[in-house]
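Keeping their order, the protein sequence lines are chains A and Z. Position 274 of the first sequence, counted from 1, bears residue number 274 in full-length UniProt numbering, the numbering being contiguous throughout. Position 130 of the second sequence, counted from 1, bears residue number 130 in full-length UniProt numbering, the numbering being contiguous throughout.
Accuracy of the hints is not assured; some may be wrong.
When chains are identical, the list treats them as one kind, so a pair holds in a single copy or across two.
[Stated by the list, open to error] Derived SDA-like pairs (lysine to any residue); straight-line CA-CA distance at most 25 Å: (1) K335 / I41; (2) K39 / R113; (3) K46 / A110; (4) K46 / T7; (5) K46 / N330; (6) K37 / I178; (7) K37 / A116; (8) K13 / E142; (9) K335 / L286; (10) K39 / Q143; (11) K335 / R268; (12) K335 / Y267; (13) K335 / Q264; (14) K38 / E106; (15) K37 / S117; (16) K209 / H222; (17) K210 / L105; (18) K46 / L104; (19) K46 / Q158; (20) K205 / E106; (21) K46 / Q141; (22) K339 / I178; (23) K339 / D288; (24) K335 / G266; (25) K335 / D288.
Worth flagging that the hints you see were computed from the coordinates, not collected in a lab.
Protein chains: 2
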Amino acid sequence: MKKVSVTIKEIAKQLHVSKSTVSRALRDSSEISEDTKKKVIELAEKLHYYPNPIAISLLKNRTQTIGVIVPDIANRFYSSAIGGVEDIAYSRGYHTMIYQSHELLERELAASRHIASRRVDGLVVAISSQSENIDHFVQLQEQGIPVVFFDRVSEAMQTHKVRVDDYKGAFEATSHLIERGCRRIAHIAGPKPVSITRFRLEGYKDALKKYGIAFQEEWVLHSEITQAGGTERTYQLMALRERPDAIFGASDRITMGIHWALRQLGYRMPDDVAVVGFCDLAMSSLLDPPVSSVTQPSFEMGQQATSLLLDLIESKSTPAAFETRVLQSNLVINKSSLKEINL
Amino acid sequence: MKKVSVTIKEIAKQLHVSKSTVSRALRDSSEISEDTKKKVIELAEKLHYYPNPIAISLLKNRTQTIGVIVPDIANRFYSSAIGGVEDIAYSRGYHTMIYQSHELLERELAASRHIASRRVDGLVVAISSQSENIDHFVQLQEQGIPVVFFDRVSEAMQTHKVRVDDYKGAFEATSHLIERGCRRIAHIAGPKPVSITRFRLEGYKDALKKYGIAFQEEWVLHSEITQAGGTERTYQLMALRERPDAIFGASDRITMGIHWALRQLGYRMPDDVAVVGFCDLAMSSLLDPPVSSVTQPSFEMGQQATSLLLDLIESKSTPAAFETRVLQSNLVINKSSLKEINL
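Isolated chain A, as found in the complex (with noise of 0.2 Å):
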């Protein structure tokens, strides 16, 4: 199919003015009449002229445009990122596309890429598990494309930062757990590169020391970021032969895993094995038995990643410091962990 272009030139010539007052107007520079500019804009729409992007970001040297990358649109711990991204975004004039990694560092790789040709303005970006490496975002903040963590985020780059408390909100839920009557508390940890995976693997270690309860080594598994993963992990601790009496899952899709696996094998929750689980479960109250978990306040970590990104690129000059917020996550607790407490 052949791309149709309006030109400058004609929106020119059909409002009898000249090419640079249609390009001053479209611009909206200060040398032309609101009357004038209100014309043109019009019938620049009407004839679907759509300025250069490149042209226009010689000009402002912006696109007005940022982009987003997480690992998985389909965990609502994302999408519900992304609305709060979108939310900023969208009140500030700027458009935002999204990205998916699929926890592949070859599809991170691509959409740096990609990101770095479309000449996007910023990017807000949750790492993939792959990724131990992130020079390709490095990369990007040298050329001039400011980029801010969010969720995963990695020692190795100095940039705005924005996570919730993972270490507080795992301590929380192993204490909650021990506080029931739990003893042999495993954990389902995430994938071992990720931040998140190491802040909440310590408040569930330091969890256990305030207690006075050993901490065992095969009660910590870690798994993918997936259903399947939590159930395969939960089918090998309840195989051991001391098993758990509680386990404390790291996501929401892992969490899911332990749910159905424990089911499946005809456990009873909480009074066989109690089950906390972290990030909002949105189906959590329809789950049989509803499942507590540490909730994260998801889509304010969008918003606050997307207003430090926006300031960084509507700021002429680099900042004195990067900031790393840290939000409170909050503890809900629901039947699957509310194991009565014999006193």
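Since the structure of chain A is already known, use the hints to place chain Z on it.
For chain Z alone, coordinates are given in the frame of chain A:
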């Protein structure tokens, strides 16, 4: 932040070749030796040189990028369909930019404008429920940017369309409920303007007719495609003097709301009220009771829509005729509709 840009001149200088050699090497011209191409590409990558997309576009009239607009990425039907879009796009060397309309015409218009100005090569769309007018897509097509619809299609535009047999899916779901002994079957339908709402409603009505059951206006309610919508409409249905003994929900979001409301109100599924939904219920197996559902090949829909789109993009002429592909749905029966039949 200032953008640093590397030019073809710089690459030419470092390699002691002409600018035109660099330029032709980057376009993979047959006039340049493989050895030179390799050197140019390696240096371009090292220097983070990204060719001007408009320049490429002028050369090839392509951006190797397609856009996809869906109402809601958090809806598993759409996230799975996007997986199918990305699968085909990636394998054929195209990038995918994802946009969500949030079921708002205004957002769909903003995404269309953005797509037009960023010059993607084509667009895959599931139309927002608010968009009775789809002139913005007609305009893109007229500008030479092909648009292929999937799931939510429109009669108002001649193009390729991929949808499932909504009529047949609804006919089978309703027939199944009648065969299990239900006689007062309600239908919570989607928003009126949406194509799939009409097809599903017709299937429901024709199944009633086939079994000689009178259609009753008050048993069909329209709802937003949200869990809250399904819940509210279920309250309304169960408040009727003559209560339904079955509810057929037009989407998975709506069906989650039905499930939630019935449990809240103390009804047993399927004995008091049998339930069948529409679309993939990823967590169906975790629900209590698991929900019967008309499932759709969402991933395949995304794949087929994208294949059709890329064929349009890569062909030099407009096809003689546009195609509408109707894929088959599949009724998966679960406990929520398995009512005991009294013989």
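For each hint, the structure was consulted:
| no. | hint | result |
| --- | --- | --- |
| 1 | K335 / I41 | neither (59 Å within a copy, 59 Å between copies) |
| 2 | K39 / R113 | between (39 Å within a copy, 19 Å between copies) |
| 3 | K46 / A110 | between (36 Å within a copy, 15 Å between copies) |
| 4 | K46 / T7 | within (13 Å within a copy, 36 Å between copies) |
| 5 | K46 / N330 | neither (51 Å within a copy, 45 Å between copies) |
| 6 | K37 / I178 | neither (68 Å within a copy, 63 Å between copies) |
| 7 | K37 / A116 | between (32 Å within a copy, 21 Å between copies) |
| 8 | K13 / E142 | between (43 Å within a copy, 22 Å between copies) |
| 9 | K335 / L286 | both (12 Å within a copy, 15 Å between copies) |
| 10 | K39 / Q143 | between (38 Å within a copy, 22 Å between copies) |
| 11 | K335 / R268 | both (11 Å within a copy, 20 Å between copies) |
| 12 | K335 / Y267 | both (14 Å within a copy, 20 Å between copies) |
| 13 | K335 / Q264 | both (18 Å within a copy, 16 Å between copies) |
| 14 | K38 / E106 | between (46 Å within a copy, 21 Å between copies) |
| 15 | K37 / S117 | between (31 Å within a copy, 19 Å between copies) |
| 16 | K209 / H222 | within (21 Å within a copy, 55 Å between copies) |
| 17 | K210 / L105 | neither (38 Å within a copy, 54 Å between copies) |
| 18 | K46 / L104 | between (43 Å within a copy, 22 Å between copies) |
| 19 | K46 / Q158 | between (45 Å within a copy, 21 Å between copies) |
| 20 | K205 / E106 | neither (33 Å within a copy, 49 Å between copies) |
| 21 | K46 / Q141 | between (38 Å within a copy, 15 Å between copies) |
| 22 | K339 / I178 | within (10 Å within a copy, 42 Å between copies) |
| 23 | K339 / D288 | both (15 Å within a copy, 21 Å between copies) |
| 24 | K335 / G266 | both (17 Å within a copy, 18 Å between copies) |
| 25 | K335 / D288 | both (9 Å within a copy, 14 Å between copies) |
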